[in-house]
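A.B. asks: Two independent chains are provided; combine them into the complex using the hints.
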Amino acid sequence: MKTFTYRSATGFADGLEPGAVFLAGGTNLVDLMKLGVAAPDVLVDVNRLVADEISELPGGGLRIGAGVRNSDLAADPRVRTRYPVLSQALLAGASGQLRNMATTGGNLLQRTRCRYFMDATKPCNKHAPGTGCPARDGDHRNLAILGGSDACIATHPSDMAVALVALDAVVNTSGPAGERRIPAEELHRLPGDAPERDTVLEHGELITSVDLPAVEVTNSAYRKARDRASYAFAVGSVAAALTVAGGTVGDVRLAWGAVAPKPWRARIAEERLRGAPATRESFLAAADAELAGARALRDNAYKIALMRNLTASVLERLAAAGGTR
Amino acid sequence: MRLTVNGIEHDLDLDPRTTVLDALREHLDLTGAKKGCDHGQCGACTVLLDGRRVNSCLLLAVAHQDAEIRTVEGFEDHPVQRGFLEHDGFQCGYCTPGQICSAVGMLDEVERGWPSAATGGDPEGEDLLSDAEIRERMSGNLCRCGAYPNMVPAIREAAGR
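Each protein sequence line maps, in turn, to chains F and Z. With the first letter of the first sequence counted as 1, position 299 gets the number 299 in my numbering; the numbers rise by one all the way through. With the first letter of the second sequence counted as 1, position 93 gets the number 1093 in my numbering; the numbers rise by one all the way through.
Bear in mind the hints are in silico, worked out from the structure with no lab data behind them. Treat the hints loosely; a few may be bogus.
Cut-off 30 Å, straight-line C-alpha distance, at most; resulting in silico cross-link-like pairs (DSBU-like, lysine-lysine) [to be verified]:
#1 K1035(Z) with K34(F)
#2 K34(F) with K122(F)
#3 K2(F) with K1035(Z)
#4 K34(F) with K2(F)
#5 K122(F) with K2(F)
#6 K122(F) with K1035(Z)
Bound-form chain Z, shown alone (with noise of 0.2 Å):
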């Protein structure tokens, strides 16, 4: 099968049971996603699937050939990578690549005025990146250390930039 990571084509003989994930991990060396709870509860494997923050880890690469996969290795010194450094948004980093790449996807959405849970009704008008909106928006991803106080401006900052 072909899958499209960062650009790169890549042509794989893989089982039809891998996951994306295990696709990037453990056949194209890209270790960046992490396999965290592996049933999509824990946000540590997000990667950008045609420009959009999902799961990784349920997603079967069969399923996704025609996609552009984009990991944390396919951005180079982003705002919001930046962000993190500045403000300390991190602590062991387990869960950072997909901390950025689901970042890196909330911003685009909040770009688009798509409104969450904490926007209410009507997202005209609202500051949709208020610390409730972005924590709001960013509760797919867990962090066992708890640096969200510091992701929260790491994160407004960038979409700044």
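With the rest of the complex left out, here is chain F (with noise of 0.2 Å):
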């Protein structure tokens, strides 16, 4: 690991300095600097500044503390009655210890898995742009088959953020051109020819809140296909939210996971849905209208079948729980 220097963030500018790198539970930037693939030269220690509390906001929403752990999130009354598939995005993820040490700012800001991102000793344009990317020929198997480009087609690998971008959560930062309210739709950009940036952040801007709007739909749910059952990144998962009368389909919130180099919302898929009969068949035709522009390799097109029949799946059981207010 490359040498830093450590402080504890007393105010929001801190981490303006040249080379400063924000450090919140740790859980993968740690990592990253102990692989030489993050070398900070500045370790700008948020946990004493970033609030680490839920709170309600006026209208009915909730807003969640930078800094509150996966765990507490994951276990919060509030967020397991108003916003299902948010816990269980959460508890899908990672391990008791990670859920314990993550922070909800720091989850959304995690890197990809990809192998070769991971490998300082690689070519990899996320981690050293303009030296190419081995995935493309070599192991892609869990990479996108959306918004990915030449560049790049890594996945983004986070869960929650998937239930955030389903609820159209908003992300507020604080930084040097004071603060901003992000949609958590847009805070991660796709790769284009710049995949080292995997956000809209600019140095020094730090997330300090996200706030979930008054619910309207808390028939929820979040269902997560990996290798093992437990303990394991997604190789395809799905958030949804789905209202149904008369047997047909109201409202709908459909977000993709592990499938793209950001959490997708599957917005084809939801306006083919709204006006629908709430069948399997709609479903599958939503979900396949989805992945029309879906672009697969060589060992990657399963996930279009996975999808597909996932996200049918979720909707189904949604449907049947009712699909009420």
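C.D. replies: Shown next, in the form of structure tokens:
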């Protein structure tokens, strides 16, 4: 590990220093520093700076402090009752130990687990811009089928972020340009020809909290497919919320994980579903419409069938659960 | 820097890169917590940080000077330890200190009614110590010997003591 200066943050401006990186739970950053993939000059510890409380927002939403640990967020009775998809997504991720350290802000900013990104000795356009992408012809079994570019097909690994995107959450930040409110769906960017930038955040811009809008649909769920029963990253996941009235889809929110460089809001599928019969046939057709834009490589084409079936299965279950407001 | 381990304060002169795990093993002669993978994937380094189970290999010591750290050396004849002995919950023993610290933290989480991926939506009225629950909640601790079948009853029994 390259040596660094450690500083406990006293104000938001501490992160502006060149070479400075924010440290929260450290469950991903410390690992990347050990691997030599991250090499900050200054580590700015924000654990005493950011809020670690969940509070009610006027109008019925919740504000989650960026320092709230994943385990506390998953266990919060308000989250479990009003946003089950979020609690389920958190509990589907990592292990008890990691959830106890990992924070809301840090979870959003975790990096891809693409094996070439994680290996400092390999070329990778994300950790060493311009060096190429060995994944295209190499190990890409768990990489993107949507939103990738010639430069990068890494997938975003978070489960929590997929639920936040489905819920229309808003990410609050504080940085050099003052405070910003960024829709969760717009926080992460597609790689294009600059895969080294995962998000739209500027240097020194810190996530301070995440707002969940007032609940419109509590009938929500998260389902994750993975290579083993527990403690593994997704190979595909679905966050969904649904209302059904008279056999017809009312409101629907659909986001996919582990298929794209960012949590993927399936807006084409949502559009197809609103007002459509709440049947398996509709659900499959909507997934197909979204997946029409998918581009698979040699070893990840299975994700197309997986997402089709996973989506229909989750929506069928939500429809059967009543789908009432 | 200062680290508080098992109720004792230690003043140490450490490089900022030192993890809590390395501080325990290399500087405090507390070798219970093990370095399995050193990447937060195996759970062998599990300790309690202010009462909560965490992977000590992913903690920078410099960032946790105000915390109360508890290692397996801080337990004496704990019900979880007795359970592992009575049920033969180990073979080679390498992962055992991490399993024990993790189980202690896990039982506290159960006590507080925390849900798990096995629970589903609502922990009310669920048996949070079923085989499926214990296996899911302990999935952050790997055992290369595969001694899992005996750990499950060891942990469940400890919950009642």
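A.B. asks: A separate judgement is required for each hint: does it hold in the structure or not?
C.D. replies: Each hint, compared with the structure:
no. : hint                  : result
1   : K1035(Z) with K34(F)  : 14 Å, holds
2   : K34(F) with K122(F)   : 16 Å, holds
3   : K2(F) with K1035(Z)   : 20 Å, holds
4   : K34(F) with K2(F)     : 8 Å, holds
5   : K122(F) with K2(F)    : 18 Å, holds
6   : K122(F) with K1035(Z) : 26 Å, holds
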